[in-house]
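Protein chains in written order, with our numbering: chain A, 1 to 80; chain B, 81 to 160; chain C, 161 to 890; chain D, 891 to 1107.
Derived by calculation from the structure, the hints in this document are not laboratory data. Being a predicted model, the structure only gives us computed values, none of them experimental. All the pointers check out, no bait thrown in.
Computed, partial: chain D to chain A, Cβ under 7 Å:
hint: 1; residue: Ala-990
hint: 2; residue: Ala-993
hint: 3; residue: Val-1037
hint: 4; residue: Pro-1039
Cβ-Cβ distance ranges computed for the label pairs, FRET-style:
hint: 5; chain 1: D; residue 1: Pro-1039; chain 2: A; residue 2: Ala-60; range: 19 to 29 Å
hint: 6; chain 1: A; residue 1: Ala-60; chain 2: D; residue 2: Gly-915; range: 41 to 51 Å
hint: 7; chain 1: A; residue 1: Ala-26; chain 2: C; residue 2: Pro-291; range: 22 to 32 Å
hint: 8; chain 1: C; residue 1: Gly-442; chain 2: A; residue 2: Ala-60; range: 54 to 64 Å
Ideal placement from N, C-alpha and C gives every residue a C-beta, glycine not left out.
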Amino acid sequence: MNVTVTIRRRSVIADPHGATVARALADLGHQGVRSLRIDRTIHLEVDGEDPETVREQVAAMCEQLLANPVLEDYEITVDA
Amino acid sequence: MNVTVTIRRRSVIADPHGATVARALADLGHQGVRSLRIDRTIHLEVDGEDPETVREQVAAMCEQLLANPVLEDYEITVDA
Amino acid sequence: MSEQAAIHRALGMTDDEYDSVIGILGRTPRPAELAMYSVMWSEHCSYKSSRSHLGRFPTEAPWVVVGPGENAGVVDLGDGWLAALRIESHNHPSFVEPYEGAATGVGGILRDVFTMGARPIALWDQIRFGPLDVPKNRFLFSGVVAGIAGYGNAVGVPTVGGEVAFDECYSGNPLVNVMCLGIMRRDQLVLGTAGEAGSVAVLLGKPTGRDGIGGASVLASASFDEEAGAKRPSVQVGDPFEEKKLIEACLELYERGLVVGVQDLGAAGLSCATSEPAARAGMGMDVELDAVHVRESGMSAAELLTSESQERMMAFVEPSKVEDVLAVADKWEIDGRVVGTVTAGDTLRIRHNGELVAEVPAASLSEAAPRYDRPMAEPTWLAAVWEQTLDHSEVPDLAEATLALLDDPSIGSAEWAYQQYDHMLFLNTVVGPGHDGSLLRVRGTDKGLAVSTDGNGRLCYLDPYRGGERLVYEAALNVAVTGALPMAVVDNLNFGNPEKPEVMWQFRQCIEGISAACEHLGIPVVGGNVSFYNETDGVDIHPTPVVGLLGMADPIPAVAPRLDAGSEGEEVWVFGPESIDLAGSAFERVIHDHLGGRPATATPEMAVAVIALAARLAADGLTPVLHDISDGGIAVGISEICIRSQVGADVSVEDWRLLYSEAPHRFIATVAAANVAEVTRLAADTGVAALRIGTLGGDHIVFRTAVRTNDLALADAGSAYAAAIPRRLA
Amino acid sequence: MNVAVVVFPGSNCEHDVVHAVRLLGGDAEAVWHKDTDLSGADAVVLPGGFAHGDALRTGAIARLSPIMQSVRTMADSGAPVLGICNGFQILCEAGILPGAFIANRDLAFICRMIDVEVTDTNTMLTSGAQIGQRLRIPLNSYEGNWVDPTHTGRVVVRYTDDPNGSQDHAAAVANPAGNVVGIMPHPERATEQLLGSVDGRVLLESFLASVPSASHV
Ligand SMILES: Nc1ncnc2c1ncn2[C@@H]1O[C@H](COP(=O)(O)OP(=O)(O)O)[C@@H](O)[C@H]1O
Ligand SMILES: [Mg+2]
Chain A
1 MNVTVTIRRR SVIADPHGAT VARALADLGH QGVRSLRIDR TIHLEVDGED
51 PETVREQVAA MCEQLLANPV LEDYEITVDA
Chain B
81 MNVTVTIRRR SVIADPHGAT VARALADLGH QGVRSLRIDR TIHLEVDGED
131 PETVREQVAA MCEQLLANPV LEDYEITVDA
Chain C
161 MSEQAAIHRA LGMTDDEYDS VIGILGRTPR PAELAMYSVM WSEHCSYKSS
211 RSHLGRFPTE APWVVVGPGE NAGVVDLGDG WLAALRIESH NHPSFVEPYE
261 GAATGVGGIL RDVFTMGARP IALWDQIRFG PLDVPKNRFL FSGVVAGIAG
311 YGNAVGVPTV GGEVAFDECY SGNPLVNVMC LGIMRRDQLV LGTAGEAGSV
361 AVLLGKPTGR DGIGGASVLA SASFDEEAGA KRPSVQVGDP FEEKKLIEAC
411 LELYERGLVV GVQDLGAAGL SCATSEPAAR AGMGMDVELD AVHVRESGMS
461 AAELLTSESQ ERMMAFVEPS KVEDVLAVAD KWEIDGRVVG TVTAGDTLRI
511 RHNGELVAEV PAASLSEAAP RYDRPMAEPT WLAAVWEQTL DHSEVPDLAE
561 ATLALLDDPS IGSAEWAYQQ YDHMLFLNTV VGPGHDGSLL RVRGTDKGLA
611 VSTDGNGRLC YLDPYRGGER LVYEAALNVA VTGALPMAVV DNLNFGNPEK
661 PEVMWQFRQC IEGISAACEH LGIPVVGGNV SFYNETDGVD IHPTPVVGLL
711 GMADPIPAVA PRLDAGSEGE EVWVFGPESI DLAGSAFERV IHDHLGGRPA
761 TATPEMAVAV IALAARLAAD GLTPVLHDIS DGGIAVGISE ICIRSQVGAD
811 VSVEDWRLLY SEAPHRFIAT VAAANVAEVT RLAADTGVAA LRIGTLGGDH
861 IVFRTAVRTN DLALADAGSA YAAAIPRRLA
Chain D
891 MNVAVVVFPG SNCEHDVVHA VRLLGGDAEA VWHKDTDLSG ADAVVLPGGF
941 AHGDALRTGA IARLSPIMQS VRTMADSGAP VLGICNGFQI LCEAGILPGA
991 FIANRDLAFI CRMIDVEVTD TNTMLTSGAQ IGQRLRIPLN SYEGNWVDPT
1041 HTGRVVVRYT DDPNGSQDHA AAVANPAGNV VGIMPHPERA TEQLLGSVDG
1091 RVLLESFLAS VPSASHV
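I would like the entire structure built from these sequences, with the hints used as guidance.
This is how it looks when you write it as structure tokens:
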């Protein structure tokens, strides 16, 4: 099954990359950019039939490795 | 307008980090992971009325800065 | 044009070259064979335009263990220690993708050194770009620096020095050269040989993908034009983590004596790593491409044979030791596959999907490569350029001129770049980046190794012979000021299009100059690299050979001279001929935007004497600061000492031009009053002129001359020097 | 042996740490990350480098190595546990120290001497130093920017001129007991005058003094 994990930096945490990109865009003359956020999206192809079991398995991967709870929230979508 | 840019490393280009993460998941006992790809998703809020103009503007940002045209492809979605 | 011709031409092969392949095989080549010959016979791999000239280099000395011809040169340091060194260019890949291009350049030069059995202990980068007011050049410069940092830091080899320079001629064609130094115990030396018949070829490291397919011919050996972008599929991606594991695994293999030979996979990938070791051993080899571990499915034999996927090594192993070798690979978490067997005879046989895809004389891929004696002609414009001298009748404001020089990005502090490099790892860096030469201690001995890398395209443009000569002497003086004596040279010859007689002439002249200087210093050239076709839309870069010179201090000075070691009250002396030479100088470039005249020739006897004196002063600890005089002359030299030592200076010279003269064989020293007698005596003994030009003190740098006196606030000099690069990137 | 220096694939500074510890009269040995037995060790150092190539997040994969269980056990038992640079990042990823690391404020790798100030001497790393003592120690990191939304971290060494944006200018952070400390700059790079500074000695000497059997070797 195809699973997509979106990993989003908590808004309370500073984001040097986002800030730098936003500044650079402005320097390039793209004034109209109001806000900018960079997420990490992880696409996985996982064996399994039952979406729920797969989701749980991927949730475990997130807790163990894919996301850092101090910095990030994650969201799992199991594509049909 | 809200715009989402998905930036994906070309599949023919080596992805050392992706490979290392896949190996780590396997070591953790998550055998069922067939493939793994890490993309960047950039959420932008951009001034403008006309979706097409906004799309073009964001496309310019991708070419100039957001994506590395040598290694990556990008996809722009302008949310209604 | 026949379809066949279309194919071999598309692979960058001329019709004549194609015919000689037919001559060798006695038949038309199979596709995989054609692919192999096309990469192995590319300029980058075969040196077909340069081989005949490289023979000019002096390569012999009692301490040479391995000269040119192997992956790296090796010299004997004594007490059972050897040093391996090599320099490589990654110019064109870095233009296509600056981060990965520079990163894979670092990866490649590291492999050349640890292939020999040595542990890489330090890197030096020599990078040249167009002016920073052009956005593309800023992008290339910051990308290249990030790539060197990203790879070097993560792989765990410190980058302890190098060069950064900017000139219009590099705008469409940046130069990215990297030098690596490694050390090993004598018994760990390994060569790129396949060994006896029956020994087994084990491919170690990353899986093979379609990286840099045809990279050797497409990227490294063809010129640029607007369509550079079309060559992008050839981009290679580096993985320092994999390389780090590969280094540790290989070093363990050497320590345990598990291999008979090793060959890294660089340009031409498997084609090179099978044919060259076999040829060196006078053997043949059977190779099974299906055994090669791959990243992508459906790769053709030609693709597998020419892929430039990074972080791969070919080890040649006695059958009885294959298991141990695979176990070591397993421990370090890298892949290892048995892909071939060395055979008696000289035939390289390659199978894929059970089919014979190549059957060629192994040696023919390297040794039978075409040699071109390309026509040479002195450029018709040269004489005219020599006429274009400036008379310097009007005297500049000495403070303003010096400030302008300090603010020049080629002269100002390179800290913006080198503070991105880990330059302290391994705890060996005694004198690091930001000085004339780097000095590393060799732990477990009393020895110190010094390296300086130097290039000067403008000098070589004005006079390639004198330019090449002066580069070697400058590099030698740079290592001497750390207390070391010159030992060996590697060179990286960055030139334009060799099909132009002027370029070939410049190439030959530089080689003559470099060779002459090495002969006078009694040091060999032990390795190097040639990069041709550095041109954009038909315009060649200045001829830009880069010399990497290794020196040894035995013992290492207790306290080596440093630019930041000067203090209030010390006298400032200049040693060497008091001569004025402004042709090709930074002063004429920055202040007059001029490039003309003929640079002064070197004086071998003086060079030798000055180098010996500098090394002696450093070894005896008589001079807290020793600084060679180069770009910007005495004015910039003393300013650098003042800025780094946080103290002013008051200097006076009769003729103001002496402040900016870049005449060779001169250095500045600061000397405590108590040591002046001893220092001047040593100078007299060696026949080197000594001129006292002032003292350190105060918070201004004062320049006094017969016609004019100006003074420069130390603080202003310092901020101009520090901001020269960053302010242009902001 | 008394000080175990853990080597992950991608670690770089293990030899340097072993060298510095021995120089200061301690006894140190490198231990492979797949080993799980640290029973012979009185103290542990997680050295600098790029464990697992910094894939995903720095320290993310290393924290899962078999040996980390024993490191955690030692930390809980009150034994000295020191994380330097990447080692600090791993201790945070493992939750043994609070907070996490993000990219330097200016998105550039920084390798240079920096000035720090000791602000807390109640830890195994700082016990021999004075409050307010200034030290010059090399920094060498890209992700040296420490964040701690919980504000529970105990900052024991601060940058005097913050190079990377670290919260509270933190250069070193300790657990409440003070036996676990992570430090971003490299004390082992400042133990010999020949290399430019000996200011790292006071830290490593404190660390060794706190190691039961290493104090007078
Ligand atoms: N400019 C040069 N001066 C001296 N030796 C050189 C020079 N250019 C190439 N060589 C030598 O030619 C040999 C082959 O070079 P090359 O094929 O580039 O090696 P690799 O495949 O390891 O990069 C090397 O030993 C190198 O040192
Ligand atoms: Mg090689």
